[in-house]
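**Q** Can you make the complete structure from the sequences, with help from the hints?
Listed in order, the protein sequences are those of chains A and B. Numbers given in this note's numbering equal positions in the first sequence, counted from 1, plus 2. Numbers given in this note's numbering equal positions in the second sequence, counted from 1, plus 854.
Because the hints were derived from the structure by calculation, they are not lab data. Every value quoted in this text rests on a predicted model; they were computed, and no experiment measured them. Check before you lean on any hint, since a few could be wrong.
Just the calculated beta-carbon pair ranges, DEER-fashion [stated by the list, open to error]:
| # | chain 1 | residue 1 | chain 2 | residue 2 | range |
| --- | --- | --- | --- | --- | --- |
| 1 | B | 1741 | A | 175 | 55 to 61 Å |
| 2 | A | 123 | B | 1400 | 32 to 38 Å |
| 3 | B | 1670 | A | 167 | 55 to 61 Å |
| 4 | B | 1637 | A | 416 | 36 to 42 Å |
| 5 | A | 167 | B | 1425 | 34 to 40 Å |
Even for Gly, the Cβ is constructed at its ideal location relative to N, Cα and C.
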Amino acid sequence: MALILALGGLLLGCEKALEPDYPNYLLSQDAIFEDTATIDAALADIYSGLRDNSPITGGRTGIAVLLGLYADELNYYSSSSETDNAFYNHTVLPNSSAVFNLWNTSYTLIFKVNSIIEGLHSSPLGEDEIDPYLGEALFLRAYLHFYLSQLYGDIPYIETTNYVQNASVSRMPLQQVYGKMENDLSLAKNLLPDMDNSGKRLRAAKGTASALLARLYLYNGQWEKAWTESNEVIATGNYILESDLNNVFLKESPSTIWQLKPEMDGYPTMEGQSFIFEFGPPSLYALTEDFITDFETGDLRKEVWTREISDGTESWYHAYKYKQNMFSGASSEYSIQFRVAEQYLIRAEASLHLDKLQEAQSDINVIRMRAGLQPTSANSPEELMDELMRQRRFEFFTEGGHRWFDIKRTGTAAEALQPIKTGWKETDVLLPLPQNELLLNPNLNPQNPGY
Amino acid sequence: MKNYYRQGYALVLSFALFFTYNSPLSSQNLPLKNISGTITDAEGPLSGVNVLVKNTARGVISDLEGRYSVTASLNDTLVFTYLGYKLQEVVVGISSIINIIMQADATALDQVVINAGYYKVSDKEKTGSISRITATEIENQTVLNPLGAIQGRLAGLNIVPISGVPGSGFNVLIRGKGSILAGSQPLYIIDGVPFSSQTLSSQDVSGSTLPNADFSPFSFLNPSDIESIEVLKDADATAIYGSRGANGVILITTKKGSKENTTYAITAKSGLGQIAKKQKLLNTQQYLQMREQAFLNDGIAEYPSYAYDVNGTWSQDRYTDWQEELLGKTAYYQDYQASISGGNGRTSFLISGGYRNESSVFIEDISYKRASGLAKFNHATADDRIKLSFSMAYTHEDNDLPDADLSYQALILPPNAPNLYNEDGSLNWEDGTFNNPLGALEGDLRAKRNSLLTNLLLDLKLIKNLSIKTNLGYQDTNLEEYHTLPYTLYPPQYGFNSLFSSVYSSVGNGSSWIVEPQLTYSYATPKSKLDALVGYSAQNDRSSTLTQYAEGFSNNAQIMNAAAANFIKITDDSQRVYKYQAVFGRFNYTFMDRYIINLTGRRDGSSRFGPNNRFANFGAVGAAWIFSEEKPIKSNLSFLSYGKLRGSYGTTGNDQIGDYRYLNSYGSSGTSYNGTIGLYPTALYNPDFGWEINSKAEIALELGLFNNRISTTINYYHNRSSNQLVEIPLPATTGFGGILANLNALVANNGWEFEFTSHNIDSEKWKWTTSFALTIPRNELLEFPNLENSTYANSYVIGEPITIRKVLHFTGVDPETGVYTFEDYNGDGQISTPEDSQRIVDLAPKFYGGLSNTVKFENLELQMFFQFNKQLAENSNIFGTTPGAPVNQSVDVLDAWTAPGDRTNTQAFTTGSNYERTLASINFRQSDASFSDASYIRLKTLSLAYNLRNLITNSSNTKVFIQGQNLYTLTNFKGQDPEQAQGFIPALRWLGAGFTLTF
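**A** Below, the structure is given as structure tokens:
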């Protein structure tokens, strides 16, 4: 036996002999960050993840659909999906698969982003090569946390891949989360190029970080900063408001700040597939009657961005911003994340709060006039605020949950939803944290009120 | 090895005899003289035989040529003893030359030498749990795969075929499933070389026909070349295999050459096969009645245009038994063997070759062909210092597989579906109304494999008692396979052409080498004996797979030419390396022939684990007490010829988690963004996971009664698998649902095993032997921290086996509504999965085993083997067919609910447009109604042989035989075959005949 142990000791000396080389189908974490091509591929995975499987996907699991149902934009015509039903009727429960999915897909991508950030920090490449990637990664981390914070309120802001730490994190007060985002975005802004190197606005650039910063400040009531950032985006001249409504969502649109390209050329956007239907009654979703009737007479957006479908007796409308819903030779549209119209309206809102009424009015009119409407007659702050929110409603409907976030942040959700949603409760402004998460990490308690 | 062993025993026995016979009555003052002679047995000279002068201390051992020489007086008695032979006593008398022919003792336990892997041990003196099956039992079967030949025959070993398609594999479990996530495959060792049980086949290519694409690597081994298969089960036997011993070890030893005259043997056999059982399905009249009722129930007055079966598109008078049509062919096999074997006392050789050709019952002509060769060479130098043995097995297999297993189609095609062929012989698509099942057979699925296994064993005696032995092995397998999918597999109405034709092809390579130098030491004193062994093992496995998809050809004739394809995609390109090192040892001490202690241990290192956990220690202690050797028992219980109590305890490990799992790595996502395929971190980096640890305890009683005419072994084992490698659930904030790590989950496998053999009749003319094996296993998940919140919550329950399924509980058809009902466990008024899937069904066998009878009357021999199994299994309800849907169904649906008040087990028919009933039908599939008793008793093997002696020459043997396989199954099972997953062809019923000629 002693002999065996002695030989066992010898074996330890041969430990290196058991060290396997990486197989051809895997790359070591270190190797990834020694080459810009593989760093590029690691980021490509984040972008495709955002597009296909994240809260901002245009597919049926994304917030464009779910929050459209949750707010007053969409009617639900089926009962097949428990998730859709729960959002539509405000009966969302902590064990809902959608609640988990929104949370889980975000943090999955955040882990990947953190893995990239850590890899870049230890990369042997020079700063000039790394910086744009680091900027993208920091932007993406803030972007993902932004939606989590809007959906769930206080959330953990995850900045490491250390699972021991991440498994027992606590929720962070919203203001701290905003601080972290601001920090990441400011850093990103300094690192990112003016325009992304694809030339097609497919990846984050300086303007993208500014645009998100502007939105963050707006949501947080930091009017000065919101004004400065949105003004900066507009002033660069890189993003020009597309005057023809028909072209706003085309992939070449100059008003686009950042858009996500479908996986294969020829594929439609997920939004196109989710919203468009050809026959009535709709199998899933259509725009609410109120939304359609609330359009101001002469608003071209009703004509261009919605479509009426009739079965002869009844008619329904679907969102028609993205017009391609089938495979064709080439994709004509990509999924737009930021467009410059939002920056005009952010600047307008900030101006209002900063008492620059004229400036606000003029920015609102930019949007109105492009929709074929006359300049607004509103001139009191209250009237202008109403008009501004109306423009936001008709400009951004079924885009990334804008409507819900607007009524939530302005405290008008109850007013808008109480009359139409029997399940409405004040506590619905936040989704519940996934039940399973609380069980696996009790530090995430308490659950949001009302659940 | 045998010689070596004989000598070891001789030494021990001689001391033992000294002890026993050293009595003071011995001396007689007669003059001593030299006696000499030669000792032989049926095979030739016998070395190592103890020759003792009775009642004296004088004794010798016969030499290599069987010669001995001893001094004795006229009226002394010589006692000749040898392990496994009957003791002989001869009075010296006046002769000075005494030649002895030793008679083998058929019932002697000592004779049975068991291969324990790194060492050999007699059945009598073994301390561990090792079951064994030999060529006699394997040879009488018609099976292609050696694993098929041992099914049911050994206690503790559960083997289930995964399909009846030639070449498909088996699920093998020794003493139950101990691991939640990691593999439960035993370690296989063929002639000293670890053999990978992983298929090299690609799911993309052969997965369409072979479940899990398992073209079993074991089918390379011709069962006729196997001498014995040993199954190591307990800690004592398996701890020496360390990290790979947790799931047990299966040792396969191929035949050796004989040491006497050159012998030629030829065997030829052939047989026919068919499906053993057809299911009772509706005939056309019953079927149409069901369909009409379904439309009536759904309130659909006018048959829709697509309801071809009822609306008159298809003839309402046609009837086809689709099981007969698609699976009704008669399968055949032909099997030829030839071998030459011979040698002299020092050298022996064996060359054997085999060819097998086997088809199946599918409508498509397919065949599996195997050409196999085995060469063995053994040599010992004159002084017995150096021994070497070399073996090489090479096999070529060509498996022309069916493109699809039409077993499911055969059950669901409406009985009035149209003809398969048009009059001109082309496929009939009935103007696009008939999805002809033969379309799926338009392609070509073929796998070719070459396997080489070679081994060299060198044994050098350094000094007396000390030898150095080295085992060198090399294995190489390469597999090429392709599956063509020509456009003709779609109805012509689709308007496809060869631009839609495609082909999957795959090449797999696997090779491994092993080097195992060992030092063995043995020492004996009159009262005791010691055997020790230390060894080192290094192994290196490499495997690679390359799978390619090509699509779009200008002509179908070009389909095998990927260069002519419009589009080519590599779907898999992976290479893996697995490295392994170990030191191991054994220390065995026997005292007074009855107290035995056996210590084994191993220190293992595997490349599958991170640097911090690469090495681990395993060990076991085994002990045996042969109580029948104790004086009081020996003298008072004369019927007890042998009695042993043994026990063992120790630990083994399980490293079947796949390669490279601990690396911090990025992999390709396969999804692109702006033309770049993404790379992503594949898992949370945990370099610290280690082996699963399986602690095994066992206690066993072995008895031999009435001169070992009856022998039996009763085992109780108690295994605990801990440190389970699982995905430990983590909150999503970590980026993953879990991390591969060792969890304090504990799985227990307990059980009883009984093995029993009785020589009921043992006379010159008549011999009748009965053997019986029974296993009663019990599996239980004892601990699983945080199970409720893990991804395993819907799969496992503490206190239940890990082989369970959680399903809905079917509570019958509501007599008022005629809809299937289920138990609403959470009382929310809705039936939903997984919330209401709280009913537990366990799919592990409750008990299993086999009963074998061999009757010999002069030259006639009859062997019968019954296999039995008590278990639950998925029945045909698992297809989820809605009663009334346009597919054929079991005749059981004829009692469907029709009016309120009906009490029945089949819900009201619906065409599928009744939402409630369709939903209930989906739930029905996911309920306990899809599982039912699948216990069976099967006449697995029947063979009758007649030996025509001296037909050709005086020393020739001609045996003619008939053999049957799976001849009869007694079962209540509702489905095709109780051991076969539904929807795949089960093992066939075979009947064949042949002859063996030896001269």
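**Q** Now, for every hint given, state plainly whether the structure supports it.
**A** So, going through the hints one by one against the coordinates:
| no. | hint | verdict |
| --- | --- | --- |
| 1 | B/1741 - A/175: 55 to 61 Å | 60 Å, holds |
| 2 | A/123 - B/1400: 32 to 38 Å | 37 Å, holds |
| 3 | B/1670 - A/167: 55 to 61 Å | 58 Å, holds |
| 4 | B/1637 - A/416: 36 to 42 Å | 49 Å, violated |
| 5 | A/167 - B/1425: 34 to 40 Å | 38 Å, holds |
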